[in-house]
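Chains as they are written, first to last, in UniProt numbering: chain A, 1 to 414; chain B, 1 to 414; chain C, 1 to 414; chain D, 1 to 414.
Treat the hints as calculated values from the structure; they're not laboratory data.
Check the hints yourself; a few may be wrong.
Said to hold, decoys possible - Here are the computed lysine-lysine pairs in the BS3-like style, where the Cα-Cα straight-line distance is at most 30 Å:
| id | chain 1 | residue 1 | chain 2 | residue 2 |
| --- | --- | --- | --- | --- |
| 1 | A | Lys186 | D | Lys310 |
| 2 | C | Lys186 | B | Lys186 |
| 3 | C | Lys61 | B | Lys124 |
| 4 | D | Lys259 | D | Lys118 |
| 5 | B | Lys186 | B | Lys411 |
| 6 | C | Lys64 | C | Lys124 |
| 7 | A | Lys259 | A | Lys310 |
| 8 | B | Lys118 | B | Lys64 |
| 9 | D | Lys186 | D | Lys124 |
| 10 | D | Lys64 | D | Lys124 |
| 11 | C | Lys259 | D | Lys64 |
| 12 | B | Lys118 | A | Lys64 |
| 13 | A | Lys64 | A | Lys124 |
| 14 | A | Lys411 | D | Lys411 |
| 15 | B | Lys411 | C | Lys124 |
| 16 | A | Lys259 | B | Lys64 |
| 17 | D | Lys124 | A | Lys310 |
| 18 | D | Lys411 | A | Lys124 |
| 19 | D | Lys64 | A | Lys186 |
| 20 | A | Lys186 | A | Lys411 |
| 21 | C | Lys259 | B | Lys310 |
| 22 | A | Lys186 | A | Lys118 |
| 23 | B | Lys186 | C | Lys411 |
| 24 | A | Lys310 | A | Lys411 |
Number of protein chains: 4
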Amino acid sequence: MDNSSLHLRYQSIRDRSVALTHPLSPEDCCAQSMMEASPAKWHLAHTTWFFETFVLEPSEKRFKPYNRAYRELFNSYYNGVGDQYPRPNRGLLTRPSMEEVLAYRSVVDQCVLDLIDKDALDAKQRALMTLGLNHEQQHQELLLTDIKHLFSFNPLDPVYDDSQHSVGQNPPPPMTWMSYSGGLTKIGYDGDEFCFDNELPLHLSYLHDYQLASRLITNGEYLDFMEDGGYENPLLWLAEGWDWRQRHALTHPLYWCWKDGAWFEFTLHGLIPLDMFSPVVHVSYYEADAYTRWSEARLPTEIEWEHAAKYHPVEGHLAESGLFHPRTVQDSGSHQFFGDTWEWTQSSYSPYPGYRIGIGAVGEYNGKFMVNQYVLRGGSCVTPSSHIRPSYRNFFPADARWQFSGIRLAKMPD
Amino acid sequence: MDNSSLHLRYQSIRDRSVALTHPLSPEDCCAQSMMEASPAKWHLAHTTWFFETFVLEPSEKRFKPYNRAYRELFNSYYNGVGDQYPRPNRGLLTRPSMEEVLAYRSVVDQCVLDLIDKDALDAKQRALMTLGLNHEQQHQELLLTDIKHLFSFNPLDPVYDDSQHSVGQNPPPPMTWMSYSGGLTKIGYDGDEFCFDNELPLHLSYLHDYQLASRLITNGEYLDFMEDGGYENPLLWLAEGWDWRQRHALTHPLYWCWKDGAWFEFTLHGLIPLDMFSPVVHVSYYEADAYTRWSEARLPTEIEWEHAAKYHPVEGHLAESGLFHPRTVQDSGSHQFFGDTWEWTQSSYSPYPGYRIGIGAVGEYNGKFMVNQYVLRGGSCVTPSSHIRPSYRNFFPADARWQFSGIRLAKMPD
Amino acid sequence: MDNSSLHLRYQSIRDRSVALTHPLSPEDCCAQSMMEASPAKWHLAHTTWFFETFVLEPSEKRFKPYNRAYRELFNSYYNGVGDQYPRPNRGLLTRPSMEEVLAYRSVVDQCVLDLIDKDALDAKQRALMTLGLNHEQQHQELLLTDIKHLFSFNPLDPVYDDSQHSVGQNPPPPMTWMSYSGGLTKIGYDGDEFCFDNELPLHLSYLHDYQLASRLITNGEYLDFMEDGGYENPLLWLAEGWDWRQRHALTHPLYWCWKDGAWFEFTLHGLIPLDMFSPVVHVSYYEADAYTRWSEARLPTEIEWEHAAKYHPVEGHLAESGLFHPRTVQDSGSHQFFGDTWEWTQSSYSPYPGYRIGIGAVGEYNGKFMVNQYVLRGGSCVTPSSHIRPSYRNFFPADARWQFSGIRLAKMPD
Amino acid sequence: MDNSSLHLRYQSIRDRSVALTHPLSPEDCCAQSMMEASPAKWHLAHTTWFFETFVLEPSEKRFKPYNRAYRELFNSYYNGVGDQYPRPNRGLLTRPSMEEVLAYRSVVDQCVLDLIDKDALDAKQRALMTLGLNHEQQHQELLLTDIKHLFSFNPLDPVYDDSQHSVGQNPPPPMTWMSYSGGLTKIGYDGDEFCFDNELPLHLSYLHDYQLASRLITNGEYLDFMEDGGYENPLLWLAEGWDWRQRHALTHPLYWCWKDGAWFEFTLHGLIPLDMFSPVVHVSYYEADAYTRWSEARLPTEIEWEHAAKYHPVEGHLAESGLFHPRTVQDSGSHQFFGDTWEWTQSSYSPYPGYRIGIGAVGEYNGKFMVNQYVLRGGSCVTPSSHIRPSYRNFFPADARWQFSGIRLAKMPD
């Protein structure tokens, strides 16, 4: 990418993050609803810290941190860089203010753009810049999931986006099975643009024949499972999932609520009647797995998913639509591989054969999370479209529900 | 009190609460540092809810709540009124905004002042009005303790009051013992102005002869205890206190910190060098008790304290000084009974003989907390001076440290 | 007490402890059902440790501990003596075996009896011996309460005592109010036999006129409270009690169970139909307090209780009956002050005026527990009769239910 | 297998379980050291329950349970069979006694042997019988691991096996790398004897070239990691592993202890000096992974391990040696694939392609645990030799340390 393109791309992605906070008040940007979520302001500051630490510091001879305290406050989990402010307390950082964080962003942005414009970045720094932009896009998505989670605690049902969200009138096409032939297949990123280290190396893997559902599971279909006693029958659940369901007395997906004799769903448009035709979203791995067992099917492996996805165009209902909520597929030729909801796979997040953790602090980016997490694929309605690809591996613990996670069925051919 | 005085008093106390938030940003007013503390914005809204619920609702024929949702959001613990928003989540209420809460205050204030001006309040409503104003003053104090607690989590050491806090140059007069004769004594509120129900009935109690220290324990004296191994010797501690100290690995009062070879203390003026001459503050009952055992003394009972305090003028270093931090007593005739720090007594918070819980929801004000709490007396540097009196009973659990709580020694005459 | 009487008393109390374990298997004696309870074997060993540490060690010139490891294993909470084996793990001490513990008892007993017979104990050691015997009696009671708690977890409903327990046919006399005049009264132990240090000093206290119920509350009366929604109405509960009730979803006293359309109670005789006429037992302070509020009465203070109890003979249904379960009072002249159930008082456990903690390790016996505990009076059906007296102060936390704790009402005269 | 062989095999395996408890007292057999471990007596009863429920009940026309209560008491986790006694409370089941459990075993054994002798079992029941015997062998191993865990809490350092355990004098041969060629390989059980359902179906998998260490990591090698700061450097750990290590303040493998200036290890032979030459054991997945990162290697995948193991004889230091502790390999031709310690693999426990959960309650045997567990291979010094095979998949959570788990390195060829 030439410098002026990089300049533009940097500016556009960085501006996008700030734009996402426009509907929010300073308080909205400061609060933290649980340890796993971060305040919007913290997302803005941390992504800036990333560029300051990994691009500016190694590039500037007389580098001085913008604010020494920020080095620790906005370090997420990079032990190689230094200590970190305790994660569960991020919501207590009422200072620096939003304004101060925006000033921090401006200063760092100016320095980064100067480096670009002066052509002062070597290949390694350019790679880190690209990593930083992809990192920023991840936080754009997290910012939206975290705000949704925060707002869901407020009985006033705050609305992030007040454009009307129309509930679908037409059902999606019936679910059918799409068959894929197995054999040796190449898995991993196979291109010359950016990918995360966990998508590499490109490697051979052996696949058995398999089938995938033609679309995501809908709210209506999930409700059938619930009404058939899905949340009461331990035989449908992983043992650990059943313990989790019992401990929290769960009976429905995260944002559903029963009110005045009907189901509603909390969304970034506020509380809306549950749309039976749109994809079910905000379910845990445990719930997704129980649903598949009830359906006499299973979740796809990430290898199956990637192999199939490579037959399909990388297009779908992503963040650019500005809807920030999954929508009903209307076209039987559209299979929802990309966008709408992340799709749980049955695959534990683990290194590809020959995977090497990167050297230095950015080596902490991915590798150290490869235990007790499950891979999700395909992006969601809050994922930027330039951020997703067939080999992209997202990962969350089996009990995570606040991400836009949904369900696609898989099975062996009969 | 005539109507115009009441009008003025109402306005002045209500304005004072808002004034206390002037140094704060919207984020500062929204965050909650622990379950026991509340956001400043919530304090402003809850005290308004109190007047709306207990004064406006029973007084207005066509009463309509300002906002139906606020009835639950800003109810603290009145089961008789209805459900309550979960206390640990108050910091998640980014909406309503500070502006909206101030609007809520204005509307309720206007209604209340109208009722006063129209002379439309009967005796019971006037009593509830007075209760509401005293309630508001309690929350003024809590607002300051809670902000201090919140700020203490921020490595930027935020400053609430940027006026210079001068560290004392002169030691206080030496501690001496003041002797009091026992016998039958009247305990409880003995006047015709306002008091809380827990100060009644006025009743006889038998006291043995006792002695009280002439002033509060200083930071320097407390440091002697620490340096003598006070936090390492279980024989000085209540068993439960020792478990608490071990579990949290505590070695000093709440806001002390050791930095670059010296002790500092976090205050509403930011982080300042520890003043050896000013009173130790922010210690738990357990710590206060351990200190007294090390001193071969004990804490006073609340009866002893009240009996002695009635010999002294109700004056001291209270909130009006605007210092919001205890200061060194300079005058051997000044005994710090009122202001500077709340004084832990060894008395469990329990009903006075013949105490009756009030009828209706305000009956939940005091009585239901009479278990596993300990009485503190005398007010602190964040207590409004019109709010304190010898019979005033404050109470907190034995492990509470975020209140301005300090230590006065007592003993039997030798 | 002369030496031969002391010899006999020692032998009889020590034998009694062992006799209590006769119905138990080695496994029964080893298991621990919760941190607050101890295995029967541990009770036998710890009481022996007490004599070894506080009587033998200071009396024998060439004292050698029976087993060095026991010094720590069977130290309960005496920091002055040394470290303690972690309390929650006592049930993991499958070694030493019961046989080895009995051998330990024999050896220590022989040494103690030798000291007595040789008249080798000075006054201080005799005092510690007496303390040890009273300590042993406390553990006899705990052994029974702890076994009951352990057995209650076993669906086989183990029976400690298989003698038939007959459910009462006749109701108790109706509850009436007994009036007592107040004034200055002496409180504390006023005799020349043994008492615990917490019963001293004898001191003056001022009492207001009061009334006490003529007998304990029965199961039937408590059931009325339950059926009137007592466990569902927060206005009847202390705030902390209500939280406790909610957190544990409690709806009845500890050992009650609803089965096949009727109430049963687990006892040391196994599971028996709930006897409506016998005293309710195994309720917490919170439950006792809620019951009194529902009854428009209150719990007595410990001062009131002691003052009243001194008018009554120290007799009642105590451990010697061998029934180990409260029974219905049949005689309107019998008021159940002693025996049947411990009676919760509203008094927090605190030092009497002038109380001094004893010197040395036995000073840890009582004083260090004087926080967040409530006083119970009068002994129960598992208390040895030679162990109880009007001034006796038992104490447990407000949520304790596994002791034989019941309810007596008090109130001011109308 | 003909009936008389089956009769003999049944008797021999069942007798073996009881023989393992011979060194134990009734108390030893009853206690439970943590939720994940079970009392020895419970193991004996549960394995009997398995035969009663899955073999006798479907085979006997007039089947009556031996004791109705045992149906629930000794059901481990089969929701399809009915309710289960709460797992954390198994140590509270002092009744039934060991004698009663042995009587239960005898009666069930007699019934099972009768069915065998009468040739009354159909193919399905014979399969369940075989499953039951393999299940029994698993519990034999657990019985030993659980007793070791229990004994480790006792400062008396109980000895399960008092035969002398000689600490090795000779170092093992140096570790070398063994190279394996990749390609398509068959994974899973490939025979006509018994295997668990999780070893099926036999399926093709693609392997890259890889290398495995020629033997297990020794205590001495692990100590090098410790002395190089292994437990203090977060960059060596999985993020979740580091949190775990911090939370529990861990600094060494489970049973190591530092005493009088030297390392010791608690074993079934009591506390012995740490043998630097024998394999490190009782490490978690997190510790094993950190060790491999420090070694610039990694853990093998379970596919790599199985592929390699099939080149080696199924022999090693297993339970039959009676040593119950790993020993130093002395022979450079011996590679410790089987026995000594279970070997952590980096593979999450997941279903093989085409895996189908069995119908009915035994379907709960394996499948429902396939989340957040990691596969271990090869058996240990407490695994019966007739129980292990190359395709055998054991699994435990990443923080489990009380199993005999050790470390083998793997890497890509240079």
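Exercise. Please name the hints from earlier in the document that this structure breaks, with their numbers sorted from lowest to highest.
Key: Of the numbered hints given earlier, those the structure breaks are 3, 4, 7, 12, 14, 17, 19, 21 and 22, listed in rising order.
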